[in-house]
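Enquirer: Residue numbers (the working numbering), protein chains in the order written: chain A, 1 to 295; chain B, 1 to 481.
Quick caveat, the hints were computed from the structure, so don't treat them as lab data.
Some hints could be false.
[Claimed, not checked] In silico DSSO-like cross-links for lysine-lysine, where the CA-CA straight-line distance does not exceed 27 Å:
1. Lys12(B) - Lys292(A)
2. Lys212(A) - Lys429(B)
3. Lys252(A) - Lys4(B)
4. Lys215(B) - Lys12(B)
5. Lys12(B) - Lys54(B)
[Said to hold, decoys possible] Ranges between beta-carbon positions, derived for each pair:
6. Ile391(B) - Asp69(A): 23 to 31 Å
7. Asp69(A) - Glu229(B): 19 to 27 Å
8. Asp375(B) - Glu264(A): 34 to 42 Å
9. Glu104(B) - Asp96(A): 28 to 36 Å
Note that the structure is predicted; figures quoted are calculated from it, not measured.
Yeah, the Cβ is synthetic: ideal placement off N, Cα and C, and Gly gets one too.
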Amino acid sequence: MCLRRIPVTHNSGGLSLFEIVKKVVLRHDIKQMDILAPLVARKIKPGQFIMFRVDESGERIPLTMVNHDPEKGTVRIIFQEVGKSTRQLGEMNEGDSVLDFIGPLGKYHKMTGGKHGRIIGVGGGIGIAPLLPKVREFHSDGDEIISIIGARSKDLLILEDEMKAASSELNICTDDGSYGHKGFVTEILKQKLDESTNYDFVLAIGPPIMMKVVRDLVKPYGVPCYVSLNTIMVDGTGMCGSCRVSVGGEVKFACIDGPEMRGEEIDFVEMMSRQTRYVAEEKVSMERYLAKEGK
Amino acid sequence: MDDKARKLAGIKQKEKTPMPEQEAKVRAHNFKEVPYGYTAEMAIEEAWRCTQCKNQPCVAGCPVEIDIPGFIAAIQQGDFREGINIIKRTNALPAVCGRVCPQEEQCEKFCIRGIKGEPVAIGRLERFAADWEAEQGEADLPEIAPSNGKKVAVIGAGPGGMTCGGDLVAMGYDVTVFEAFHASGGVLRYGIPEFRLPKDIVSRETDYLARMGVKFEYNMVVGNVLTIEEMREQGFEAFFVATGAGLPWFMNLKGEGLNGVYSANEFLTRANLMKAYDPKNYDTPTWVGSKTAVVGGGNVAMDSARTAMRLGSEHVYIVYRRALEQMPARNEEIHHAQQEGIEFLLLQNPLEILDNGEGWVGGMRCIRMELGEPDASGRRRPVPIEGSEFILEVDGVVIAIGNGANPLFIDATPGLKVNKWGNILADDKGRTSLEGVFAGGDIVIGAATVIEAMGAGKIAARAIDEYLSGEAGDWSPELGE
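Please model the complete structure; the sequences and the hints are all you need to start from.
Expert: Below, the structure is given as structure tokens:
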């Protein structure tokens, strides 16, 4: 195979480094950005993630890739403004740049092995964003993919059209019943599994509690269950162990063993507890930021 | 005083000229560097303790082969510029080495002044020369050979990679250092705390290499973003893999996943690389308990304990399963930790970390140990004393028992052979199973020291030069298992 000449540094091409070339506000605090990072765009695959750092004083924040365009050299991310760093990123505009953008990180996991399978994809809230490229990959491989996505209410639901285009069947739930089925994604999932257990696997991406409930629901049906973990990271390359989870009594790192993992043996109770480690510090950081910005 | 009088005074002085340092009680609560460094007068006084003996045993003890008597002779004459230039002929990171090398195990171990009294304070003099130069403004560059146009890639901007890069650039190679983090230095940046090695110094040494012509590319996770094969297509003809030992070990204890339990790597990376000790100016959070147990006895354990104290932990314990004499940490680090009030719980080992009922650390169940027969390392093996279990009251734990080999680059590089622990197999020149690919430092020998990594970088630079000049013969390294 003749490889096209590839750039060897992030600096090639005379383009501004890690520039936000497109920004779309999907919902009031959920934003989508295409960031110029040609080397990453060329390599990143569904399920892998990047880390960004807005500026010199910033944290390193992991986000799973939503889409990538190797020709344009861009990587698409979608995030909800939940803390200081995502808030700060959300306030940036087209033409601005982030200081650091690192990837691809995490293992690429070709779950189906390319065979024509039957898959259920479950996405909750912002977790629909990383589910989309997986569903697209299954779809283009010729798999039958039933998607179940949910949000608290209609005005928080993202990527409906994209998910619809990539799925064989799309089911929508909202907690408040403002759109689609009133209730949780697990209710639809249970119906599907009661009808048939002839699925290769279920892939669930969303808040930890949703992934835990899905895992617990699926287990007795004997269908394999995968989840994608977004635990707190510092480096994202296996160096610090902040993102560790207990899987069947063994320590695994979400950054290099995952982020996608079989869900059956994950200690979600411990994982959810670990996600609260810096709540107090993050609150202080947010307050300081808002005060500084005069908000 | 003339030279004769100085020489006589130097010979009479049995002990090292003392190093002025921050008072322990004060420094235990700040991140400023502990030793202030010698003044010019102190440096000259100490330099005259060197007798310029013929055999120069110190040089053989230096992994980067510094002309130690040469630079000390220059300091004796007050010619500090000449002193630092002599050091820089073989060592591109003198301000780092002067601070973090275990000189007592290397150059100073062989100094004849150490037979009756203390050896010459070679490390302190090296630091003095480097700091003196920094105060003078821009440093002199060493002699750099004309460009030969050959491209070499160094993977990892830690001490090994930076040394190799500096040496190769001086030989005329076109060197690019690829670093996964957003900053250079590797363990010098993320691991060793500010109070032991100020990060401005790491930046200064990096700038120096950049002025020499070394190119640095950050945010490059080689293996994932670029493979060795792709880099070959880009014209790179040789590679030095110096990715370090970044995969923290845990103990597989019950409760290790509790909140308040850190690996030393996480604890130190938050504080050092991400500057979490300065929350007013940096966003990365950290947390310390009021009583912290640091498990382990190496330099990293000392760094973690002293960092925990500076972050506000009131009681900090080193929990180590052997005795003080077996502790792998440098004596200087142990002394500094003791002076600062770190409590040493020796011959004790954790069994379980207890939950406080809310998912956070609520204590650590430990057992007392005694020393039995020597084990494979030659050290007496610690054996648990039955019935001696007790609960150590702590609310924070840092696990500092070492690091394994990080698999990220290796998994992405087919054909690169590793041993059963995942360390890259390399011969004494750093040659690996892949032609043109050299490796050295912690990724080859397991967790070791900064200077050993630098030594490996130096050896690899020489071997790469041989290889690319076609003087090396066939690529047939003997790799072992």
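Enquirer: Hints the structure violates: just list their numbers, smallest first.
Expert: Of the numbered hints, 1, 2, 3, 4, 6 and 9 do not hold.
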